[in-house]
Amino acid sequence: MENKAIGLDKGWDYMQKGITKLKRILEGLPEPPFTSEEYMMLYTTIYNMCTQKPPHDHSQQLYDKYREAFEEYISSTVLPSLREKHDEFMLRELAKRWANHKVMVRWLSRFFHYLDRYFIARRSLPTLNEVGLTCFRDLVYQEVHAKVKDAVITLDTGAYYSRKASSWIEEDSCPDYMLKSEECLKKERDRVSHYLHSSSETKLSEKVQNELLVAYANRLLEKEHSGCRPLLRDDKVEDLSRMYRLYCKIPRGLDPVANIFKPHITAEGTALVQQAEDATSNQASSATGVQEQVLIRRTIELHDKYMAYVTDCFQNHTLFHKALKEAFEVFCNKTVTGNSSAELLATFCDNILKKGGSEKLSDEVIEETLEKVVKLLAYISDKDLFAEFYRKKLARRLLFDRSANDDHKRSILTKLKQQCGGQFTSKMEGMVTDLTLARENQANYEDYLRSNSAAHPGIDLTVTVLTTGFWPSYKSFDLNLPAEMVKCVEVFRGFYETKTKHRKLTWIYSLGTCHINGKFEQKIIELIVLTYQAAVLLLFNASDRLSYSEIMAHLNLTHDDLLRLLHSLSCAKYKILSKEPNTKTISHGDYFEFNSKFTDKLRRIKVPLPPVDERKKVVEDVDKDRRYAIDAALVRIMKSRKVLGHQQLVSECVEQLSRMFKPDIKAIKKRMEDLITRDYLERDKENQNMFRYLA
Amino acid sequence: MMRRSACASKKTGQPNSTNPISCSPSDLFRTASSKASSKEMERIDNLFYSFANRSSGMIDPEGIESLCSDMEVDHTDVRILMLAWKMKAEKQGYFNLEEWRRGLKALRVDTVSKLRKALPELEKEVRRPSNFVDFYSYSFCYCLTEEKQKSIDIESICQLLDLVLGSQFRAQVDYFIEYLKIQSDYKVINLDQWMGFFRFCNEISFPDLSNYDPDLAWPLVLDNFVEWMQAKQS
Numbered sequence: 001m002e003n004k005a006i007g008l009d010k011g012w013d014y015m016q017k018g019i020t021k022l023k024r025i026l027e028g029l030p031e032p033p034f035t036s037e038e039y040m041m042l043y044t045t046i047y048n049m050c051t052q053k054p055p056h057d058h059s060q061q062l063y064d065k066y067r068e069a070f071e072e073y074i075s076s077t078v079l080p081s082l083r084e085k086h087d088e089f090m091l092r093e094l095a096k097r098w099a100n101h102k103v104m105v106r107w108l109s110r111f112f113h114y115l116d117r118y119f120i121a122r123r124s125l126p127t128l129n130e131v132g133l134t135c136f137r138d139l140v141y142q143e144v145h146a147k148v149k150d151a152v153i154t155l156d157t158g159a160y161y162s163r164k165a166s167s168w169i170e171e172d173s174c175p176d177y178m179l180k181s182e183e184c185l186k187k188e189r190d191r192v193s194h195y196l197h198s199s200s201e202t203k204l205s206e207k208v209q210n211e212l213l214v215a216y217a218n219r220l221l222e223k224e225h226s227g228c229r230p231l232l233r234d235d236k237v238e239d240l241s242r243m244y245r246l247y248c249k250i251p252r253g254l255d256p257v258a259n260i261f262k263p264h265i266t267a268e269g270t271a272l273v274q275q276a277e278d279a280t281s282n283q284a285s286s287a288t289g290v291q292e293q294v295l296i297r298r299t300i301e302l303h304d305k306y307m308a309y310v311t312d313c314f315q316n317h318t319l320f321h322k323a324l325k326e327a328f329e330v331f332c333n334k335t336v337t338g339n340s341s342a343e344l345l346a347t348f349c350d351n352i353l354k355k356g357g358s359e360k361l362s363d364e365v366i367e368e369t370l371e372k373v374v375k376l377l378a379y380i381s382d383k384d385l386f387a388e389f390y391r392k393k394l395a396r397r398l399l400f401d402r403s404a405n406d407d408h409k410r411s412i413l414t415k416l417k418q419q420c421g422g423q424f425t426s427k428m429e430g431m432v433t434d435l436t437l438a439r440e441n442q443a444n445y446e447d448y449l450r451s452n453s454a455a456h457p458g459i460d461l462t463v464t465v466l467t468t469g470f471w472p473s474y475k476s477f478d479l480n481l482p483a484e485m486v487k488c489v490e491v492f493r494g495f496y497e498t499k500t501k502h503r504k505l506t507w508i509y510s511l512g513t514c515h516i517n518g519k520f521e522q523k524i525i526e527l528i529v530l531t532y533q534a535a536v537l538l539l540f541n542a543s544d545r546l547s548y549s550e551i552m553a554h555l556n557l558t559h560d561d562l563l564r565l566l567h568s569l570s571c572a573k574y575k576i577l578s579k580e581p582n583t584k585t586i587s588h589g590d591y592f593e594f595n596s597k598f599t600d601k602l603r604r605i606k607v608p609l610p611p612v613d614e615r616k617k618v619v620e621d622v623d624k625d626r627r628y629a630i631d632a633a634l635v636r637i638m639k640s641r642k643v644l645g646h647q648q649l650v651s652e653c654v655e656q657l658s659r660m661f662k663p664d665i666k667a668i669k670k671r672m673e674d675l676i677t678r679d680y681l682e683r684d685k686e687n688q689n690m691f692r693y694l695a
Numbered sequence: 001m002m003r004r005s006a007c008a009s010k011k012t013g014q015p016n017s018t019n020p021i022s023c024s025p026s027d028l029f030r031t032a033s034s035k036a037s038s039k040e041m042e043r044i045d046n047l048f049y050s051f052a053n054r055s056s057g058m059i060d061p062e063g064i065e066s067l068c069s070d071m072e073v074d075h076t077d078v079r080i081l082m083l084a085w086k087m088k089a090e091k092q093g094y095f096n097l098e099e100w101r102r103g104l105k106a107l108r109v110d111t112v113s114k115l116r117k118a119l120p121e122l123e124k125e126v127r128r129p130s131n132f133v134d135f136y137s138y139s140f141c142y143c144l145t146e147e148k149q150k151s152i153d154i155e156s157i158c159q160l161l162d163l164v165l166g167s168q169f170r171a172q173v174d175y176f177i178e179y180l181k182i183q184s185d186y187k188v189i190n191l192d193q194w195m196g197f198f199r200f201c202n203e204i205s206f207p208d209l210s211n212y213d214p215d216l217a218w219p220l221v222l223d224n225f226v227e228w229m230q231a232k233q234s
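Chains as they are written, first to last, in full-length UniProt numbering: chain A, 1 to 695; chain B, 1 to 234.
No wet-lab data here; the hints were simulated from the structure.
Mixed in with the good hints, there may be bad ones.
Claimed, not checked - Derived pair list, reagent style DSSO-like, types lysine-lysine, alpha-carbon separation capped at 27 angstroms: (1) A:Lys685 / B:Lys150; (2) A:Lys409 / A:Lys427; (3) B:Lys150 / A:Lys670; (4) A:Lys85 / A:Lys149; (5) A:Lys223 / A:Lys180; (6) A:Lys616 / B:Lys187; (7) A:Lys670 / B:Lys181; (8) A:Lys236 / A:Lys186; (9) A:Lys573 / A:Lys606; (10) A:Lys624 / B:Lys148.
Next up, chain A with everything else stripped away, as it sits in the complex:
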């Protein structure tokens, strides 16, 4: 032993080494245990530092440093290790650390024992043991006791519910299981509010949810007779609402529900389509169109039904809106007996809006139905096809159906505009405007005739001038007009030229109507016919009997048109002309005569001419427009990007056009090839998948 006094720093350094060694042993690091000599040296160092004469009596500092040693160890090592663990693992760690702490207290208090004997006793301070334990309480316990409590409870609760769930899932139906789950959650929430700290609530609810709902989600939802699918089938609104309530709080908990919702709707929709297909193929051809219209009506009903689920049971959650949309997109784009859904929808609208289509329905119902139709349009990818069919039918209605309701016509255009944008409806709006202008124009024409009575052609003529860009394209044949009508045309042309000099009039006789008086033996009957039909009939003013070829030569029509015309006048409901031979079809060798014996109980009859099937032409026109649209989109994109990879170009093109139609990838590729040939684009020399814009 040295005679010199040991300085605090030097002495403490020595003690620190011992404390560090102890810590290493506690942490389980490789460290040989204390030898008796080491122990003795540590004890003696303290003894010496406490028995030195002042000012080298370091008892107070040593007492403080003893406490600090614990504090330091707890803060730097013990607490962090507890913070990073949770639940059961935290509890285990806590137990370990507590055991360690007791060991540490035992050892350190032995090293520092001399303090206990005199310094502490004299000043009635807390003993070394007490100090050690207090440190743990103050630092560790304070911080983790809430966490510990939670861990214990959740551990317990979790196990409890896990057991319950495993038996319930076997025995109970889905609705019953859900009811029980709901009750359990409620019970736990109540318990928390009575007994536990509110911070425990979330953790507890999560645990319960986990054990009851997440762990068994699939089994629950897929239960054969009572799971999600049967609930949808049987309209169990309350149960479905409960299902939503239970799963909406769980992250991604609604995904499985949506994943059952979507295919369910798709299946129902597809079944409707199949029904329509089967019904049409079984029925006679006279009922064409009826089944398709029924299909649209049923599709609307289906949409209403499932939209109600989305808004009521599923609280308008976007996940379910999305599921509904995707489901409808699948089956709404299927063709039925060769007709595209776009066409069916357009026909459906036409039927509602045309004269005699829906006189039995109130205005409100019509409005609502139109609203729903427009909503369905959102799911159809070939929107441009719908627009074209709709436009064609609108044209027919505007030109032939004068007395149909205007308001509905305008309101559906407004709805379509909202849904699909102005470009979609601009042409149609133009068409409607044209008619308004035409009425004005007609008034002016009549004034003109009054002031130029010599110019009057002798026949009343009403002309509707159509702006070419707005209306569907019509073929105009060089029909040889009867002389009476030729004069009319010339007079009108004279009038029109007084108004505008820069426009060219092209006459579309296929759209005209005529009122002709037929002087039959029994009585005079007014015949309402198309201009073409009138042209045929008027030939018989000059000749009693005409052959097919003679008629053809006079009128300059095609075989197809003439066959239809003659059929409508001699083989259909009203036999204005008699045909030789008296067969049901027209052939090139037939002869025709005015049927003076014809009569009908009415004084005025309409002799219909069935319209030509427009479908092929519409599809052709739309395909042509699509080619231009794809070209324009491609050029637009390449002009701004200059250089772009193939896949990106294709996907951007699809994106740009998606509002109107879903372009076929092959069609895009073909247009790209065309643009390469026309020197708009070139393939990059280095990278075959890159394209470059050529200014």
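Given the coordinates of chain A, work out where chain B should sit on it, guided by the hints.
Structure of chain B alone, referenced to chain A:
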């Protein structure tokens, strides 16, 4: 003495840029070789005129046929196309003097028999991967006879494919020709599609087509061809 040779070289019309005042030994060599090369050029020119059409001043299809028969090579042989390539001939069926000179000079031949003997070497040169792409695209452009023509009709394409690629990619060419004849989407083939097919032969494993990805920028005609092949194989 140097001056005289400089003048001499000028007399024969060789475009030497030798300064008459300062001539070096290398110039001596050059003039000697240029004398030889001028002789060669003369022979080349003479050979040209022996086949050329008197009025047009060019070797026309008749002349080419006669050249071919002298070389004992069929005029539809791919090696004639290769010769055209070497000459960088612009108009199918015709060689002009400049092109003739260019080709024969590059091959270092000045008689018909030397030309014939040079053909195998020429073929080897063309078939070298670094040259073949150029030859392949040249062969397409060579067939564009009209001024603004950008595509070639199917019939001619089939013949050209067989000629140019038949030896290298027999299977692909045979199937593709079969397909082109029965399809109706395309009546002509453009350069992009032509080059695409070559890439196809080089990159795509045949006939399994396992590494063909229609989502990439392959020309549509090849997408359709692959679909047709796959339908056939199943």
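The hints, checked one at a time:
1. Only pairs whose Cα atoms come within 27 angstroms are accepted, and Lys685 of chain A paired with Lys150 of chain B is accepted, the gap being roughly 18 angstroms.
2. For the hint linking Lys409 of chain A to Lys427 of chain A, the alpha-carbon distance of about 14 angstroms falls within 27 angstroms, and the restraint holds.
3. At most 27 angstroms may separate the alpha-carbon atoms for a hinted pair to count; Lys150 of chain B and Lys670 of chain A meet this at roughly 16 angstroms.
4. A distance of roughly 14 angstroms separates the Cα atoms of Lys85 of chain A and Lys149 of chain A; the hinted pair therefore holds under the 27 angstroms criterion.
5. In summary, the hint linking Lys223 of chain A to Lys180 of chain A is supported, as the alpha carbons are separated by about 16 angstroms, within the 27 angstroms threshold.
6. Taking the CA atoms of Lys616 of chain A and Lys187 of chain B, the gap is about 24 angstroms. The hint holds against a cut of 27 angstroms.
7. For the proposed pair Lys670 of chain A and Lys181 of chain B, the alpha carbon gap of about 19 angstroms is at most 27 angstroms, so the pair holds.
8. With a C-alpha separation of about 22 angstroms, the suggested pairing of Lys236 of chain A with Lys186 of chain A holds against the 27 angstroms cut-off.
9. Restraint check: the Cα-Cα separation between Lys573 of chain A and Lys606 of chain A comes to about 10 angstroms, which is no more than 27 angstroms; the hinted pair holds.
10. Pair hint Lys624 of chain A plus Lys148 of chain B holds up; C-alpha atoms about 26 angstroms apart against a cutoff of 27 angstroms.
Checked against the numbered hints above, the structure violates none of them.
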